[in-house]
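Asks: Okay, here's what each chain looks like letter by letter:
Number of protein chains: 4
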Amino acid sequence: MIKAGIVGGTGYTGVELLRLLAGHTEVSISVITSRAEAGRRVDDLFPNLRGHCDLQFTEPEVERLSTCDVVFFATPHTVAMHTVPQLMAAGTRVVDLSADFRLRDARLWSHWYGEQHACPELLAEAVYGLPEVNREQIAGAQLVACPGCYPTAVQLGLIPLLRAGVVDIRSLVANAASGVSGAGRQAKVDNLLAEASDSFQAYAVNGHRHLPEIEQGLSDAADSNIQLTFVPHLLPMIRGIHATLYARVSGPVDAQQIFEEFYQDEPFVDVLPAGHAPQTRSVRGANVCRLAVARPQQRDTLVVMSAIDNLVKGASGQAIQAMNIMFGLDECSGLQTIALLP
Amino acid sequence: MIKAGIVGGTGYTGVELLRLLAGHTEVSISVITSRAEAGRRVDDLFPNLRGHCDLQFTEPEVERLSTCDVVFFATPHTVAMHTVPQLMAAGTRVVDLSADFRLRDARLWSHWYGEQHACPELLAEAVYGLPEVNREQIAGAQLVACPGCYPTAVQLGLIPLLRAGVVDIRSLVANAASGVSGAGRQAKVDNLLAEASDSFQAYAVNGHRHLPEIEQGLSDAADSNIQLTFVPHLLPMIRGIHATLYARVSGPVDAQQIFEEFYQDEPFVDVLPAGHAPQTRSVRGANVCRLAVARPQQRDTLVVMSAIDNLVKGASGQAIQAMNIMFGLDECSGLQTIALLP
Amino acid sequence: MIKAGIVGGTGYTGVELLRLLAGHTEVSISVITSRAEAGRRVDDLFPNLRGHCDLQFTEPEVERLSTCDVVFFATPHTVAMHTVPQLMAAGTRVVDLSADFRLRDARLWSHWYGEQHACPELLAEAVYGLPEVNREQIAGAQLVACPGCYPTAVQLGLIPLLRAGVVDIRSLVANAASGVSGAGRQAKVDNLLAEASDSFQAYAVNGHRHLPEIEQGLSDAADSNIQLTFVPHLLPMIRGIHATLYARVSGPVDAQQIFEEFYQDEPFVDVLPAGHAPQTRSVRGANVCRLAVARPQQRDTLVVMSAIDNLVKGASGQAIQAMNIMFGLDECSGLQTIALLP
Amino acid sequence: MIKAGIVGGTGYTGVELLRLLAGHTEVSISVITSRAEAGRRVDDLFPNLRGHCDLQFTEPEVERLSTCDVVFFATPHTVAMHTVPQLMAAGTRVVDLSADFRLRDARLWSHWYGEQHACPELLAEAVYGLPEVNREQIAGAQLVACPGCYPTAVQLGLIPLLRAGVVDIRSLVANAASGVSGAGRQAKVDNLLAEASDSFQAYAVNGHRHLPEIEQGLSDAADSNIQLTFVPHLLPMIRGIHATLYARVSGPVDAQQIFEEFYQDEPFVDVLPAGHAPQTRSVRGANVCRLAVARPQQRDTLVVMSAIDNLVKGASGQAIQAMNIMFGLDECSGLQTIALLP
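Keeping their order, the protein sequence lines are chains A, B, C and D. With our numbering applied, the first sequence covers 1 to 342. With our numbering applied, the second sequence covers 1 to 342. With our numbering applied, the third sequence covers 1 to 342. With our numbering applied, the fourth sequence covers 1 to 342.
I should point out that these hints are in silico values taken from the structure, not numbers from a laboratory. All of these numbers come straight from a predicted model, not from anything done at the bench. A hint or two may mislead.
Claimed, not checked - Take a look, some chain A residues computed to stay more than 10 angstroms from chain B by CB distance:
no., residue
1, G51
2, T78
3, E125
4, G165
5, Q186
6, D198
7, G207
8, A221
9, G251
10, D270
11, D300
To be verified - If you want the footprint, here are the derived chain D segments under chain A, 3+ residues with CB under 8 angstroms:
no., region
12, 194-207
13, 221-233
14, 241-247
15, 252-259
16, 302-309
Every residue gets a Cβ at the ideal spot worked out from N, C-alpha and C, and that includes glycine.
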């Protein structure tokens, strides 16, 4: 039985880890931390867990966390980087769901996150936890940086085309939309139901923190510096990310085949038949990315549609998938839940 | 391995049976019928099932259905009663999610459903499938009539008080509200998103078909004819039923204790601590009824709050719970999914 | 032209006053205050007002406010009572949308609002601003206390029956539900879209601050102390209050006629034909209360349904209606907007 | 007083015409038709109109319609073209909200709408009713074809750039999203609340009927054939269209200034300050298009955001705007309603 800890268990990725791990037969959670809620029963905060979780939140203490086989960080950025080095030194494996170890370039990280990185020396060691790209490296990693939600949806939608070398890498567009759970469980006027429901808008048009992460991954796939216009939008719903991706091609390309072949052995990427479009509800609560591709009017722009649940394949599910790989478990353990539809 | 069939698999209770049974290790679905969709892959209609269900819809044929150990009817009312007698004769066990066998009185049934009952002789044999009340009879039943969604929420909320004999049985009020999936997957203007969202209203105030079913069950519990005012409302959301129940008491009553004791051994009824109120989201996708009770200002009216997912504890989950009991399986098999929150 | 001021213009009742008064030909807003947003353009905070409102928020200053003919308080409770005495002394008329002057009994007020009332001597002078009950007193008032949102819906639904003396006044039940804009424009985790949408629940079951206000009004109507069980619920939508009211009767009562006659001359109360049920969307954005009444199965419980927009007839619209009466204007001025449907 | 008729009054654009025209002091509606609902009171179908509309639906009869000064067609496509010629002959002016007269090329129309055009000779005479482009022609028109909802949002967002000649006209992208009221008030499973809420998806990726209309308008603006990739999406809400537009530029362009100058005299187009993004809720119920423009990272792709209410500036409001122009009225008459926020 793998002994797991969760740092920062009061956010949405925390409760989602608990929901999914409750069904994982080879992992038991031994500690879940929260400074603000220390001493409170977890199922008092998250009543969906009543009957499924007997834990209480505790203060985050490195000593206790380091007795775990693996620690998940479900914290805002800039938290994990202050504790991870100690856990690494203690031999504990780490799956960080935050942004602290996603970028290889510490200066780029500082530019986008506004402060110095606390342990830049670990950036090279951290493995970017997108199993469809880095499965082998994840298996041997002590520190995995889970991809962001938008980056997961966008990369899974564009990498096959970039690897195939069939699209113009300087004019990529990612028009993405997310449910508000992506903004976390924090009291902000902008995310009130009375503000965010029954409306739709773009945000962070001049620069979202997920942009450098996406460009890093796509440039790796293209083996050259790509350029992406990335515009996120806020959807009036809780869960779900949908990315509509535009890439220019010239000449005949069998994009459907490129996608089907690229993902033919992947357990958590589903390429829809030609002519279909993925709905976010078809992945609600499930660790899957559903993709579709089209070439409207046979012109020179490919359109890729990519849908995930931002809290599952975009966060906690993908973290567990990485953990399964790290510990040599069946990659699908604990991740077989079916999307809730309707 | 129990061989199961589903009649009427294109509705919401049908897809929910499939979602839940996919995680049930002792049941396999061998046939799922739909006249309208015969020949179509199930996961083409319900893309959340892609990768989890390899079935196609077939025409409903008694011969084939009768090879099953158990057949679920996920049909509109008046369908099951025409086929059930043949399946019974063939020795197949039946779990009917529709209203055809819920009322013991054929004349009352005709009054509310507007036609003659096709097999009134089976009404006495049918067992009302509320495990918290009829567990033993369900175990021995060949035909189980699953309770309606409102009746489940209302009965679980009032039966403990009626059994305890502490409330006035002639002035009960059930103010209930349901998400629109309760209306089924049928094209009706009233249930369009543009009509039903961003609004709230009562409906069927002068008489909803679930009233006689609820009164039958509550009268059994009270061992006397009770009288209930039942007003359902339509919620602008997909899943969830919430019932707010009002019952008049006189003198001191420890209602919290009555509920906790009544349900102490029940795996799927959760009595919240005093002072809490159940949220429908805390049961979304889960086979559980969460209850709370209060006595505002210590006056003479008790308020009980009862929340279920209408498609799970109010339909398909409860049907599987009954099946588990009928076949001597662990009552919780396939029903351990945790509610999706947020 | 009436010169109006608004204190506390950054909340939802503030922006709603602006929306409605923009279409009022006899009122101009000369000042709108907000400590937090002083100096900011109003339409920067509320972009729906771009092109319709040229004001900036200013610090609240009594001197400036007292130059207005009328000042609206769109503030949380306990704010108005500290400024109103000075404005009254200056001869300015006041319409308070908060709870500060709604209860006549200062001790009862303190019990529910948790502090001493700052000017209990004004409570007797304040007129409760429900035009359907107090039209004449409003006309002569210098200080009007606008009813709360729930109290408006509940009182308009029960007063005709109480005046007619046909219902048991000790067993009244008000089961009410509100959109989340009723909780105001404040950053609270509970009101996030990710928390409050796609769910339904009761709250404040053991005592909501609107209870004493409702009981005061209903007792006046009954000319005797009534007793009400009041359970509010939170709806997953922005605007709208729906109250389902239960009252016990004995013998024949033509409730439909009682309502139609009681409200026959009221411009903003609409009694629906028998058999109908009001939808909150039918009043969205409009200053109207739609009512319906039924007597299910001709038993002894009447069911009244009452729907308002909590921000219009439940707050800002009713405040303008009161102001129109106070200044001898057409009671409907500025209030003819039609509900937005769909 | 202008005498107006509405053909097809049971859909959403019909009820929206009624809502807006009720506040128009120079127009009275004398007839509103519906085959299905003939004889029924309009406010029985649309309860928001109770107290504001005394009309009944009647059978559509040319004779009666031709006594109107102006007739609005709020019908599905292929209806208007069979009646308009007779009304034209009778001298009645026509504002068609459907697609029948939007394309100048009858063969293109047939290709997209699947049947022969009934009166191709009128296509040249019809004026495309986008006031910001065709104000003068509208003034003199007998037949105005109102733009579609997507075409309004997309054209208003791209025309200034095309007129300025600063963008590549062969690689335009319009990523658009609409609330479900755009699909009309028709019973379809796909548009049920239980299907379309809490989800997001693209649709009609391989070709939406609004594409040729948009390309016609944009090509006019560019004075050359443009090429657009247009991908519409379905939003889980009732009203609102948001278009995110991508256009490639080279070299320095002051896009903010281009937009501000282009629309400086337009009463119903609002260019937001740099750095802002339009929310659909800021136009809910209002006849306005709010626009913003950005150039992320100063790279070579401009991003334009355009938000309208599909039923107002995208349909009925724009139709009234055109009518105001046709009859020499103040262009803003009846169109001053402020968006409902929150």
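Asks: Now tell me, hint by hint, if it's right for this structure.
Replies: Status of each hint after checking the structure:
A:G51, annotated as away from the interface, has a beta carbon of chain B within 10 angstroms; the closest lies near 6 angstroms. Its beta-carbon lying about 24 angstroms from the closest one in chain B, A:T78 satisfies the requirement of being farther than 10 angstroms from that chain. Against the 10 angstroms criterion, A:E125 stays outside the reach of chain B, whose nearest CB is about 34 angstroms from its own CB. No Cβ of chain B approaches the Cβ of A:G165 within 10 angstroms, the least distance being about 29 angstroms, so the stated non-interface status holds.
The beta carbon of A:Q186 is kept farther than 10 angstroms from every beta carbon of chain B, the shortest such distance being approximately 13 angstroms. For A:D198, the non-interface assignment is contradicted: its Cβ lies about 6 angstroms from the closest Cβ of chain B, within the 10 angstroms cut-off. Look at A:G207: its CB is around 27 angstroms from the nearest CB on chain B, clear of 10 angstroms, so calling it non-interface holds up. At the 10 angstroms boundary, the C-beta of A:A221 stays outside the reach of chain B, the nearest C-beta of that chain being 25 angstroms off.
Once the 10 angstroms rule is applied to beta carbons, A:G251 is consistent with being away from chain B; the minimum gap is 32 angstroms. The beta carbon of A:D270 sits about 6 angstroms from the closest Cβ of chain B, which is not more than 10 angstroms, so the claim that it is off the interface is violated. For A:D300, the shortest C-beta to C-beta distance to chain B comes to about 29 angstroms, beyond the 10 angstroms cut-off, and the non-interface label holds. Residues of the region 194-207 of chain D lying with their CB closer than 8 angstroms to a CB of chain A number 12, which satisfies the three-residue condition for coverage.
Check result for the region 221-233 of chain D against chain A: holds, 5 residues qualifying (beta carbon to beta carbon below 8 angstroms, three or more required). Note: the region 241-247 of chain D has 3 residues with beta-carbon separation from chain A under 8 angstroms; the three-residue rule is met and the coverage holds. Figure legend: the region 252-259 of chain D, annotated as covered by chain A; annotation inconsistent (0 residues with Cβ-Cβ distances under 8 angstroms, at least 3 required). Beta-carbon proximity to chain A at under 8 angstroms applies to 3 residues in the region 302-309 of chain D; the threshold of 3 is reached and the given coverage holds.
Of the numbered hints given earlier, the model fails hints 1, 6, 10 and 15; all others are met.
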